[in-house]
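Visitor: What follows is each chain in one-letter form.
2 protein chains.
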Amino acid sequence: MLSSLRIELEGEIEKSRNDLLGSLFQGFIMKNIYKGYADILHMSTLHPYSQYVTRVDNKIIWTLNTLNIEAKENIADKIKQIEKVNIKYREKEYKITSIKEENISYKDLVKENYLRDGKRILKVKFLTPTSFKQDGRYVLFPSIRLIFQSLMMKFDKASTDMEVFSKDILETFENNIEICGYKLRSTAFHLDGTKVPAFIGEITVNIKGPKQLVNFANMLIAFGTYSGVGIKTGIGMGGIAFE
Amino acid sequence: MLSSLRIELEGEIEKSRNDLLGSLFQGFIMKNIYKGYADILHMSTLHPYSQYVTRVDNKIIWTLNTLNIEAKENIADKIKQIEKVNIKYREKEYKITSIKEENISYKDLVKENYLRDGKRILKVKFLTPTSFKQDGRYVLFPSIRLIFQSLMMKFDKASTDMEVFSKDILETFENNIEICGYKLRSTAFHLDGTKVPAFIGEITVNIKGPKQLVNFANMLIAFGTYSGVGIKTGIGMGGIAFE
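As they're listed, the protein sequences go chains A and V.
One point on numbering: in my numbering, the residue at position 59 of the first sequence is 59, and numbering is uninterrupted.
One point on numbering: in my numbering, the residue at position 59 of the second sequence is 59, and numbering is uninterrupted.
Some hints could be false.
Copies of the same chain look alike in the list, so a pair counts if it works inside one copy or between any two.
[Unchecked claim] Distance condition first, Cα-Cα at most 30 Å in a straight line; then the derived BS3-like pairs of lysine-lysine:
1) LYS157 / LYS107
2) LYS125 / LYS183
3) LYS95 / LYS133
4) LYS195 / LYS211
5) LYS107 / LYS92
6) LYS119 / LYS167
7) LYS208 / LYS84
8) LYS195 / LYS208
9) LYS157 / LYS59
10) LYS107 / LYS95
11) LYS195 / LYS111
12) LYS183 / LYS78
13) LYS31 / LYS78
14) LYS31 / LYS100
15) LYS123 / LYS107
16) LYS92 / LYS111
17) LYS119 / LYS195
18) LYS208 / LYS95
19) LYS167 / LYS35
20) LYS157 / LYS80
Hints are computed from structural coordinates only; laboratory data are not their basis.
Build the full structure now, drawing on both the sequences and the hints.
Guide: Here's what the structure looks like:
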């Protein structure tokens, strides 16, 4: 099951320091969940959640997504019961003013995407700093390969009974999908005193080829709104939306 | 000899249709130069000039660069004598209010760049829609390879007595120079009723490696402010500046 909490917060935030909140909120989550589960998260390479902070119409929106039922119960359901978010950084406090929840099963996610004609032109927005790592280096520009490789791997890790990643499929994606428009800039995600090179903005992708491929790509991007894309999606990077 | 005319124009221009002026001014040039030379330009693959239109502080600036003495005498020196630019498109007329000229010999260009410590961090601005063609397709993102390959080839074509392009050097550039920051968006350059996919904006490049490489890269980018970068620099695309 995929679950998304859209938490509206009241409080002050330094301009363009949303990234800071991302990692502070991560700490807040870890402090407020069952220690045994926090330990499991620390040890595993599977990150069954993503979270990031954005500002919409001057409101602070904290999006907290979980990618399986266990994570929903252990993380999202716990956070839902909390009224205030206490952040250590400069003793800040954020009051939760509203929470919207959306859930969808993997079965429905797949069904929804395969029973309709997926869009061939999609605008994908990178809401928070996004980055990829390739050959040990950060990659500052998005590419079809990096985006869908990341989404497929996250999908396989998150859903227990489906495996979608294969080199063949990734190559088919690369040959049939192109970035046909974009508005992007580089940025940095601040983390423990270091800066992770990243980008933010939006791209338009054009999906050619058979309908199945179009639907599959649509499904992965819809999944991506829960999982995030690229690295460090657990601490505020790689939040995406699409239209 | 490299020569640059910065021509300030008075007149009306449709917003964000600078690209239109680029190809119209190209027609204006062809009409006003010696026919024999225009024919030579039409036939040759060498484009010994570049020109583009930008808007600076609400003024229309037409930049006309020539890359050798012959082109300077046949194009720039002819255009300098003209007071008005008559454009066929909707019977528009542009009055030339001022002309600034800058000239530099290839010898001095090389000398200037090799006798000083070149900058390792350079901000390169793509002032007008810029594009590359690779394997028959337009490339919508800049890369170190595409930029410097274009500049080296233009340099070799333009200067009669120096050859700088080699695959080895291009690889060294790729391994030592990286785009470390950017702010870019895709755009389209309108041309004869079609749209050429392109990008506009700025990148910051970081040049590592030995001083000679740094100076060489600086020299090529300085040359690029005359030649432009990428495709269709004769009709308004690929105008660059750096700081």
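Visitor: State for each hint whether it applies.
Guide: Each hint, compared with the structure:
no., hint, in the structure
1, LYS157 / LYS107, "within (16 Å within a copy, 60 Å between copies)"
2, LYS125 / LYS183, "both (10 Å within a copy, 15 Å between copies)"
3, LYS95 / LYS133, "neither (35 Å within a copy, 53 Å between copies)"
4, LYS195 / LYS211, "between (41 Å within a copy, 27 Å between copies)"
5, LYS107 / LYS92, "neither (40 Å within a copy, 62 Å between copies)"
6, LYS119 / LYS167, "within (24 Å within a copy, 42 Å between copies)"
7, LYS208 / LYS84, "neither (47 Å within a copy, 48 Å between copies)"
8, LYS195 / LYS208, "between (37 Å within a copy, 20 Å between copies)"
9, LYS157 / LYS59, "neither (33 Å within a copy, 56 Å between copies)"
10, LYS107 / LYS95, "neither (35 Å within a copy, 67 Å between copies)"
11, LYS195 / LYS111, "neither (40 Å within a copy, 38 Å between copies)"
12, LYS183 / LYS78, "neither (37 Å within a copy, 40 Å between copies)"
13, LYS31 / LYS78, "within (11 Å within a copy, 75 Å between copies)"
14, LYS31 / LYS100, "within (22 Å within a copy, 65 Å between copies)"
15, LYS123 / LYS107, "within (24 Å within a copy, 49 Å between copies)"
16, LYS92 / LYS111, "neither (43 Å within a copy, 58 Å between copies)"
17, LYS119 / LYS195, "between (36 Å within a copy, 23 Å between copies)"
18, LYS208 / LYS95, "neither (46 Å within a copy, 48 Å between copies)"
19, LYS167 / LYS35, "neither (38 Å within a copy, 57 Å between copies)"
20, LYS157 / LYS80, "within (25 Å within a copy, 66 Å between copies)"
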